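Q: This is what each chain is made of:
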Amino acid sequence: MKHLTNLKLKVWRQDGPDVVGKFETHIVESVSDEASFLEMLDQLNERLIGENKDAIVFDHDCREGICGTCSLMINGRAHGPQRATTTCQLHMRTFSSGDEIVIEPWRAAAFPIIKDLMVDRSSFDRIVESGGFITALTGGAPDANLIPVPKPVSDAAMDSAACIGCGACVAACPNGAANLFTGAKIAHLNVLPQGQAERFKRAEAMVNAMDEQFGSCTNHGECSAACPKEISLDVIALMNSDFRKSKSKNRKQLSRG
Amino acid sequence: MHRLAQVSVDIIDQMVAQGVPFAREYGGMLDNRSFGGAQVSRTFYARGQTGQQLLLGAYQQLSRQIGLGGVRLFNRTELVDVVVVDGRCSGIVVRDLLTGEITSHAAHAVVMATGGYGNVFYLSTNAMNCNVTAAWRAHRRGAMFANPCYTQIHPTCIPQSDESQSKLTLMSESLRNDGRIWVPKNADDTRPADQIPEGERDYYLERLYPSYGNLAPRDISSRAAKRLVDKGHGVGPLKNGVNLDFSAAIDRLGRDVVQERYGNLFQMYERIAGEDPYSTPMRIYPATHYTMGGLWVDYELATTIPGLYAAGEANFSDHGANRLGASALMQGLADGYFVLPYTIGNELAPMLNKNIPTTDHPAFVQAETEARERFNAYLNVSGTRSPDWFHRELGKIIWDYCGMERTQQGLEKALSELPALYSEFKKDLRVTGTGESVNQTLEKAGRVDDFFQLGMLMCRDALDREESCGAHFRSEYQTGDGEALRDDKNFCHVSAYNWTGDPMAAELNKEKLEFETAHLATRSYK
Ligand SMILES: Cc1cc2nc3c(=O)[nH]c(=O)nc-3n(C[C@H](O)[C@H](O)[C@H](O)COP(=O)(O)OP(=O)(O)OC[C@H]3O[C@@H](n4cnc5c(N)ncnc54)[C@H](O)[C@@H]3O)c2cc1C
Ligand code: SF4
Ligand code: FES
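Residue numbers (our numbering), protein chains in the order written: chain A, 1 to 257; chain B, 1 to 526.
Treat the hints with care, since some could be wrong.
As the list claims (entries may be wrong) - Label pairs and their computed distance ranges (CB to CB):
hint, chain 1, residue 1, chain 2, residue 2, range
1, B, Asp230, A, Pro193, 46 to 54 angstroms
2, A, Ala84, B, Asp194, 20 to 28 angstroms
3, B, Ser437, A, Asn75, 26 to 34 angstroms
4, A, Ser30, B, Asp230, 48 to 56 angstroms
5, B, Gly28, A, Gly98, 53 to 61 angstroms
6, A, Gly139, B, Gly28, 21 to 29 angstroms
7, A, Pro193, B, Cys492, 19 to 27 angstroms
8, B, Asp194, A, Asp155, 55 to 63 angstroms
9, B, Tyr26, A, Ala237, 21 to 29 angstroms
If you are wondering where the hints come from, they were derived from the structure by calculation, not from laboratory data. It should be emphasised that the depicted structure is a prediction, and the values quoted were computed from it without experimental measurement. Cβ atoms here follow ideal geometry from the backbone N, Cα and C, with glycine treated the same way.
Next up, chain B with everything else stripped away, as it sits in the complex (with noise of 0.2 angstroms):
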């Protein structure tokens, strides 16, 4: 944390190096502006669309790199496998998403910086080929997967519209900036948003946290959601929304101010729900966004294979249980660009002329025939279910007992029904075409047998987390209000898992908490 906070200093400064537009103000210095979970503007932004351009930015620098002959970029190639020699990681298996071909590369060292698992939950913000394969086949190899469990769901997307839904598309949090998000305090209300009267609103976010208000963090805006949806209050055709209304920043600063903060956003809205946000309030209510969980590393960013680094979402460290918004954007950067570059030379220096394992080696090729085994496994099952059917079913799984708010008793329950769906995965599944040109249906079945596996590996360390904490709520432990209630006592450590074979029994290793400067507290937002 505090190195982060040392080096993201330096993000904006190489960033605006790097020729990427962040907002500036007349004067022609840096703008910004507040996001959930803050109560000052602190926050660097480049239009709505922060971290499109953070990622463009990289990319041209990587570009660069390629163009040198620095870099060469494997375009749709998939990882696999990691391949572990005498206990070092000595390299990744790979497949040629356009040929189906399998093969190695073997290296000194590797670093995963392959995202978040957020789709385990079917729908969610993330893009479509997000996936927990790279992580969890190095789980499966001897890395640690550290906090499953901690998964955020973000307050402000769109509602889902319809079963055919294939993903979530997430309104920035920025929008809570000018947006007022409200229900109607009669749940019978059917009348349009600007029919109704002012008095009977119920702001419920400014009414339960005074000081923060609409900016409250992202936890707790999305159950204060969810509880007012359970009752009733929902908006929209499915009842399954929430009002975020801009008529008053409209009002105050003009249309003119607000299409300029938020223009491209509010269009976007317009395209999915087919309403115009300057007339209408938008509709949002909560979606899996963002995975805390990931695999340990160190402060070096080092997993538990030495040799195999972790960097960006794809890792477990800095946000602990919840994560304040901005701060991915931030942490990758860091990863990336301050980090590993000072702390990978630690591990490579002492290797300097050494011979390294080679591809022939007898790891590789049987890593090599285990992923054709696989993929071939997939094609042979020869069922009548797609892999997209079981990843619908393991999704509505996961966020009704393992999403916003979690039972002893739901876990329970998807703990049994978890094998039962994956045994019918593994005996039902069809996946047509072949494994030698471009098959979307086979990449994606490889993906759901992962998730699957980490699914029950989510659950299993819901349950055992028998507190709530940060986006872990767990219905058994809150205060009075509702509020989430910690346990310091029992539950102050990081649970991380070493693969034993069944996803169903990892074993669980607890690493201890401790705060030398800033000491444990519980944060009011009132």
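Chain A extracted, bound-state conformation (with noise of 0.2 angstroms):
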């Protein structure tokens, strides 16, 4: 175990959504590469407490990757530097002694500041709730072997399903929009045979509750390259598809395959 020192963290803070924020300026002096970022400043915390002042918030939970809490932009970049890692993954290793480390919350329309690094993203939930899901009242499913579904078709859907709605997509996307988190959950269902009923209807829906809240897509690709769950483009290629033909003329005939 080795340790770094001397770090220079400048870190957002700000006491409401409707107040003006500034950056703070902390130095670390000794932390070990075995950290995890959060524990970083977990420990930077510690001494807040210690020196009587407010501990910085941030919003964390299982710290392993899989449940979409943590969202810091560490040097600019959504989840910081290293590809397909949540800001709880990444570690101290990834820094040398000496950096300058400058820590944000999400930036986006859509997710307002509630206070220093934590943000609302019920802007997300409010598009999974316009059609992200299968309507399928409990009880009376049928045996889930009746509908045979193709290993490279079901392995798809997970490739989509693994999005852990964490919203580094909006806030790398120079113009706040959530085509990538948006493609992921209709890409998930719309692959599966039980997800066919729904499919266009769903992505109509579900494309609409985002354009009210977000930006436009302009293809940057910034969404892709800052995704934890390596979420790939295509997602967004479906999506456009699904959206143009759940408004052509002859949608009625389109649920028949």
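Fit chain to chain and form the complex, with the hints in mind.
A: And the structure:
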């Protein structure tokens, strides 16, 4: 185990949604390279409490890249420098002694800041509420093996279902668009046989809910590069194609396949 | 158990219908694999993230109801008390985590699905926000808390790397399907794993439990690892882990197959440990993972407060003294989808058209006042130590004396140290900030307070149970070859506790266990 010394942190502090925020500088004199990035912040918070100051507020829960709660812009990059890695999985060994590290919350109009580094991502929930499900009332579901799902299809659904709803794609996008998230949610259900009945209705409703809250996609591709689950840009293509079809005149025919 | 087995059949069907992408074989049928404590492949899975996918499936169904206006969701809101009027659960008191505001909700019935209490150990595989507050506050209002000392230690977690560690990461048990567990035979062997010849490796699970081998149940595998590490055979910089080696599987199946099965777990390991498990064995060590104890419930999942129900890990049902792999999700889904919808109606039907107490009832007003005072009190101690500091100290005591192996002496020590530390907590706590906006330090203080009280009950329960059974291992009660020794004559019962006002002096009720169809036996994993 090695130690990193003399890190200069510039951390965004903001008391509430409607107050002006500012950067605060903290020196971390020593931290183990085995510590995770959030553990480094824990240690800083312990020190702040020791100095009778308010701890820095940030979102986190599972701390293993599964829940999508953690959300930090680190040196201008959503979830920091490491590819396919959430903030909570990022370890200090990725940094070096003496580094300056700028820590900000997700910056996007659709994710208002709650306090310090914590943002409100309920705009994502509203997209899912508009259609990100299969209508399957409890009870009476047919035997799961009655509808065979080809392995490549279930694998493709799983690739999209891996999205953890963290919002890095939106934070990384110059337009604050949510196309990668919405595309992932649509692609997960729209490729499965079980999702066909509501396929086009789903695409239409979710894209509309997205457009009401988020910016427009201009194909920068920053989203996929920032995504900790490496969701592919293909999901956006699938979403767009299903959305277009949902608008076509003979949409009633579409659900017949 | 019988009911769980029956309804579990419907769970996969229901989840697949909802779009959960369970793994399929090439023919399109569902695939399955084996898990700890089972010798046959019977577990359905969604890559290495079954729990996450089931959660997303349930979340999508909930979202649908929210979209339809049938359900209202209160995000970032914490239950801080339960309100009982005339012996019935009449609602809850909550704290808005964004504004600190304390308000109430009146209800005909309340369901708690608030998870387990593994974080009492400070380090566990559970999410950081997992806590016992909801269940504990219900307990304090009259709900019995059962078998608190039954806590499961999971054998395959990444070992702690330093003091600052905030949580431990589970490496899915499914890895034990293809990974072989070993330590160097020579405790002083410091060579890298790949330079230690076969003959100098101790594949101890295969040696001790030939029929289950690397898939021996969790408690057995955990204790075996602890013994070898305690004897100095541990691997890694702190010598606090054992090897989980995939080289044989990679030779047999090829790297591609191994990657397909465990790719995301390998990647997760590499992120945390900074080592590549395709070329170096993983290092693993046991960690707290699941709590079998919880709120006592009857067959209808009702607690001892009429109108209050507990589902999932928050209740004590179904798993006895130890839980087998994959059954937590099964139980949670069964409780929520197939049990409660049928049983809660029995409670609700007679209440049709009857008035229930509203939130201006004195019991609500009083509970709200108490909650406000409680949170103000944390802010006003103005001591010197943070809630996290106390949590870490508490966790050390519980882990050392009420963890994988327990002794009378150790538990008595814990029961003398805990009240002392708890009174320190009340005198020397420091919470900075205010109670009127997001304050995670304050939230933590409330949770640590409840963990202290629970910790005392856990140790008392572990001391009282003078036998070893399942995950509860008392060193005094073991067979000649180190296996758990049960005492069915004196301890074949559930220990359910009533709150008396003093966590050190809870009232014990014994519920006799009766076995009608399957009879009590000792399972051998050899
Ligand atoms: C890393 C890991 C891997 C696992 N893998 C498996 C597996 O492969 N198979 C398996 O069967 N089981 C597995 N388990 C166990 C299983 O996931 C859990 O037992 C299960 O998720 C518990 O579900 P639950 O709904 O009862 O509680 P939880 O999922 O813990 O949910 C409780 C919820 O209540 C909230 N809450 C808590 N207190 C309050 C309060 N006071 N007010 C408001 N909200 C509150 C919490 O924030 C949380 O959202 C695993 C567990 C972990 C930690
Ligand atoms: S698509 Fe990727 S970046 Fe966007 S929310 Fe999902 S996991 Fe996060
Ligand atoms: S805390 Fe759950 S993904 Fe980072």
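Q: Could you tell me which of the numbered hints above are not met by this structure, giving the numbers in increasing order?
A: 4, 7 and 8
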